[in-house]
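Make a model of the complete structure from these sequences and hints.
Spelled out, the chains give:
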Amino acid sequence: MEIKNVFELAKAGDEGAKELIFNEFYTPIFRYVRMRVKRKEDAEDLTQTIFFKLFSNLKNMTPAAPKSLLFTIARNTIIDYWRTRKDFIDIDEHVDTLSIDSRRASNEQMDLIKVLSQLSQGEQEILELYYFSGLDTKTIASITNKKEDNIRQIRSRSIEKIRQILKKENYE
Amino acid sequence: MNNEIEKIEENLKKISFLIVPDKARLFSIFDEIKNIELAELNHAVKNESHEISKVEGLLKKAQDFITSISPAWRYTFAFGVILIFAVPITINRLTTSSVYISKNTSTIFDIGSSSETSQDDLKVLGDFNIPNDIYKDATN
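Line by line, the protein sequences give chains A and B. First residue of the first sequence? That's 1 in this note's numbering, and the numbers climb one at a time after it. First residue of the second sequence? That's 1001 in this note's numbering, and the numbers climb one at a time after it.
I should point out that these hints are in silico values taken from the structure, not numbers from a laboratory. There is no bait here: all hints are sound.
Capping the alpha-carbon separation at 20 Å, the derived lysine to aspartate or glutamate pairs in DMTMM-like fashion look like this:
1. A:K11 to A:E24
2. A:K4 to A:E24
3. A:K53 to A:E8
4. A:K114 to B:E1009
5. B:K1023 to A:D45
6. A:K53 to B:E1037
7. B:K1014 to A:D136
8. A:K161 to A:D111
Covered by chain A, according to a simulated footprint, are these stretches of chain B (three or more residues, beta-carbon under 8 Å):
9. 1002-1015
10. 1021-1032
11. 1035-1043
Beyond 10 Å from chain B on every Cβ pair, some chain A residues (computed):
12. N5
13. T72
14. Q118
15. K138
16. N150
Ideal Cβ placement from N, Cα and C applies to all residues, glycine included.
The following block contains the structure:
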C-alpha cells in the first residue's frame, strides 16, 4: 500500500494506519531530531510531540506529500524547541558527538562526525536529512523551502568541504 | 578525489545506523501518544458540551421569560422586535435606489433616491449621453 493511502486511512481515524506511520517514520524522524538536539531524552520527547502533532491535526491536513509534511512538522518543532532555549544555550553549539553511539563507531566515522559539526547548521541539516533520514532532494527542498538545484549544490559543496577538512587536518 | 567523496558518503550512510532509537520504548511511546490524543479529545468533547449547555441555559431562560409574561405583553414584545428589525430595513429599501453608471471611463456615479439627486447630478448624467431608459429610471 502506498504511504499516501496509509495517511488517508489514518486521517479517517484508522488506528492501524497510525501505527504503521509511526513504525515507518519513527526512526528517520528520531535520527533527524537526535542530530539537532543535545540530549537523547529531549529527542525522544520531541519525536513523540511530532507524531502527536501529526495525528491530532491530520483531519485538517491534505497529505499530498506525507513525508514532507511529517518532516516539516519535525523541523518546526525543533525550531520551537530552540526558540525556548536560546536564552541560555548557544544554538550553534548544540550538536555534539554525543548524538552518536560512539562505542559502535569506527575511528573514521568518529572523525567524520567531528568534521560534520564544523559545517554550518544549514549544511549539516541537509546532509542529515539526506544521509541519515534517507530523504530525496525533492522532499528536502520542500521541507527547507529551497530549490532542488540549491539542495544538490549545498550537498556536494558540503561533501567537498568535509573532504578538504579531513585532508587538511590529516584525519586517517 | 572521487574515491574520497564516495568513501565520505558511504560513511555518512553508515553513521545513520549508529543513531538508533530505543526500540523497547517504541510501543510505550505510541501508547502515550494515543493516550494524550484521547485525553485531548475528551477535553474537547467536555468543552463542547459545556458550551452547548451554556447556550441551552440561555435559551431556557429566554423561554421562561416569555412564558412568565402575560399574552398582552408577549405580543407587545414581539411587535417591538419586529419594529426594531423590520422598520429600519424597510426605510432603507424605500429611500435608497442606486443606479451605477460607467461610461467610457472608470468613474462610477452613485445616484441616490430622487429626493437626494440634485439637478447637477442629472446634468452630469446628461453630459455622458446616458440611454433614455436609464436616465428615466434615475430621475423617477
